[in-house]
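Protein chains in written order, with my numbering: chain A, 1 to 236; chain B, 1 to 236.
Keep in mind that the hints were calculated from the coordinates and are not lab data. Given the structure is predicted, the values throughout are model-derived calculations rather than measurements. Careful: at least some of the hints might be erroneous.
Same chains, same label: a pair holds when it works inside one copy or across any pair of copies.
Okay, derived cross-link-like pairs now, SDA-like style, lysine to any residue, Cα gap no bigger than 25 Å in a straight line [unchecked claim]:
#	residue 1	residue 2
1	K142	G63
2	K142	A130
3	K142	Y120
4	K142	A197
5	K142	E39
6	K142	H113
7	K142	P215
8	K142	H109
9	K142	P43
10	K142	T90
11	K142	R190
12	K142	R186
13	K142	R61
14	K142	A86
15	K142	A152
16	K142	A40
This is what each chain is made of:
2 protein chains.
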Amino acid sequence: MAYALYYWTGIQGRGEFVRLALEDAGADYVDVCRRDGDEAMVPFLAGRQPGAVPFAPPFLRDGRRVVAQTAAILAYLAPRLHLVPAGETTRLRAHQLQLTIADLVAEAHDTHHPLSADLYYEDQREAALARADAFRRERLPKYLRYFERELAGGAAPRVFARHSYVDLSLFQLMAGLDYAFPQAMRRLRRRTPRLRALAAQVAERPRLAAYLASPRRLPFNESGIFRHYPELDEPG
Amino acid sequence: MAYALYYWTGIQGRGEFVRLALEDAGADYVDVCRRDGDEAMVPFLAGRQPGAVPFAPPFLRDGRRVVAQTAAILAYLAPRLHLVPAGETTRLRAHQLQLTIADLVAEAHDTHHPLSADLYYEDQREAALARADAFRRERLPKYLRYFERELAGGAAPRVFARHSYVDLSLFQLMAGLDYAFPQAMRRLRRRTPRLRALAAQVAERPRLAAYLASPRRLPFNESGIFRHYPELDEPG
Chain A
1 MAYALYYWTG
11 IQGRGEFVRL
21 ALEDAGADYV
31 DVCRRDGDEA
41 MVPFLAGRQP
51 GAVPFAPPFL
61 RDGRRVVAQT
71 AAILAYLAPR
81 LHLVPAGETT
91 RLRAHQLQLT
101 IADLVAEAHD
111 THHPLSADLY
121 YEDQREAALA
131 RADAFRRERL
141 PKYLRYFERE
151 LAGGAAPRVF
161 ARHSYVDLSL
171 FQLMAGLDYA
181 FPQAMRRLRR
191 RTPRLRALAA
201 QVAERPRLAA
211 YLASPRRLPF
221 NESGIFRHYP
231 ELDEPG
Chain B
1 MAYALYYWTG
11 IQGRGEFVRL
21 ALEDAGADYV
31 DVCRRDGDEA
41 MVPFLAGRQP
51 GAVPFAPPFL
61 RDGRRVVAQT
71 AAILAYLAPR
81 LHLVPAGETT
91 RLRAHQLQLT
101 IADLVAEAHD
111 THHPLSADLY
121 YEDQREAALA
131 RADAFRRERL
141 PKYLRYFERE
151 LAGGAAPRVF
161 ARHSYVDLSL
171 FQLMAGLDYA
181 FPQAMRRLRR
191 RTPRLRALAA
201 QVAERPRLAA
211 YLASPRRLPF
221 NESGIFRHYP
231 ELDEPG
């Protein structure tokens with residue numbers, strides 16, 4: 001039976017990390033909201049469906065199982081899609097890396113919504129300028145240095161010895177950051193050679209290249225997590 | 001061999017979620033930094049130790065294994081400490097709940113540090129007032145309603161049928177929120193009967209009660225994640 005992915009239509013968002021795994025593996029899946037609209041999520045979020053009740057999208061239905069939380073979905077899917085090596089230690093390390101990617105994604109989101117997700121960007125722009133400045137100066141280099149070092153093999157050799165979902169997530173992370181913070185990412189280019197090489201490799205994987213060239217791959221936009229507001233990318 | 005927990009001395013922070021599991025299970029563990037100081041973490045964070053390199057504390061060493069990310073540490077420990085029922089579906093649900101708790105913890109942190117963790121609270125107080133207001137009005141009730149409903153059994157009956165680490169984490173969450181936002185939590189009291197009952201039950205577990213009464217349980221304070229700044233608890 002096909003996997004069913006539930007996520008907001010119109011943005012890549014956190015759903016894209018799951019979508020990349022499904023696409024790269026050539027998995028049989030339905031992108032339910034793109035077929036039936038966002039309201040297809042309501043019965044799940046309202047607890048009117050069997051299975052775990054998600055706090056928020058994305059979530060995945062696999063038969064009677066419902067799995068929410070992006071990193072948990074990937075930890076669940078990856079062994080089934082052959083997107084993680086065997087072994088508890090290696091899978092734990094992959095999961096830790098994915099959770100750290102999730103932390104960076106949340107921080108990237110909060111650069112444009114530092115006060116409230118319920119306010120417009122324009123209504124929290126001053127705070128966004130301050131948060132984005134700290135993000136570009138402190139947090140972004142710290143995270144990328146960490147992933148770069150992990151790719152160098154000291155810490156997670158078995159995770160990166162073979163292609164895994166963590167590669168796909170790092171690709172997506174770099175794509176989103178390049179979109180949102182092109183200047184800051186350009187300045188970090190010389191310090192991120194391994195991340196750059198990995199992202200280029202991932203983009204050339206046949207199934208993934210086909211997906212990226214298809215209409216299923218939405219463009220980044222200013223409703224998603226990674227948004228390009230030029231003022232948030234300018235040195236303060 | 002004893003588990004070794006690494007976390008900042010001086011605060012409960014995210015380390016406390018792991019500590020509660022170890023204490024409740026009566027596990028053999030060393031709270032390394034409290035014995036040797038925070039600098040005991042440096043070789044791990046700098047990648048000079050074998051095993052996974054943590055991005056940040058807390059992390060756990062179990063022999064040659066190093067596990068970071070609070071929710072991943074608990075997912076790793078819980079089966080070993082008999083703090084989660086058997087079965088992939090149940091464990092996945094427990095992990096999702098823990099990840100959702102982690103999201104709320106991060107949002108609670110950002111009420112006092114909405115702009116940057118590298119700035120003092122006093123230097124981001126205006127933004128903190130706005131973020132805390134949105135947190136108290138929108139996010140906090142939404143999360144607590146979600147956990148309350150999960151406890152009602154619709155969604156996660158197997159997780160809550162027996163004592164598990166998720167109970168401990170919900171206890172800690174309520175304790176922290178009560179400390180940081182006593183007024184807001186008082187207003188939510190009638191809507192959180194199951195969370196209140198669970199927290200009271202957990203506090204009476206013999207090993208946990210002994211731990212909570214011991215000097216090992218640090219008081220909450222204004223260096224931790226849950227901070228009591230009265231102005232952040234006042235309706236705006």
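For this session: Could you tell me which of the hints above the structure violates, numbers in ascending order?
Result: 1, 7, 14
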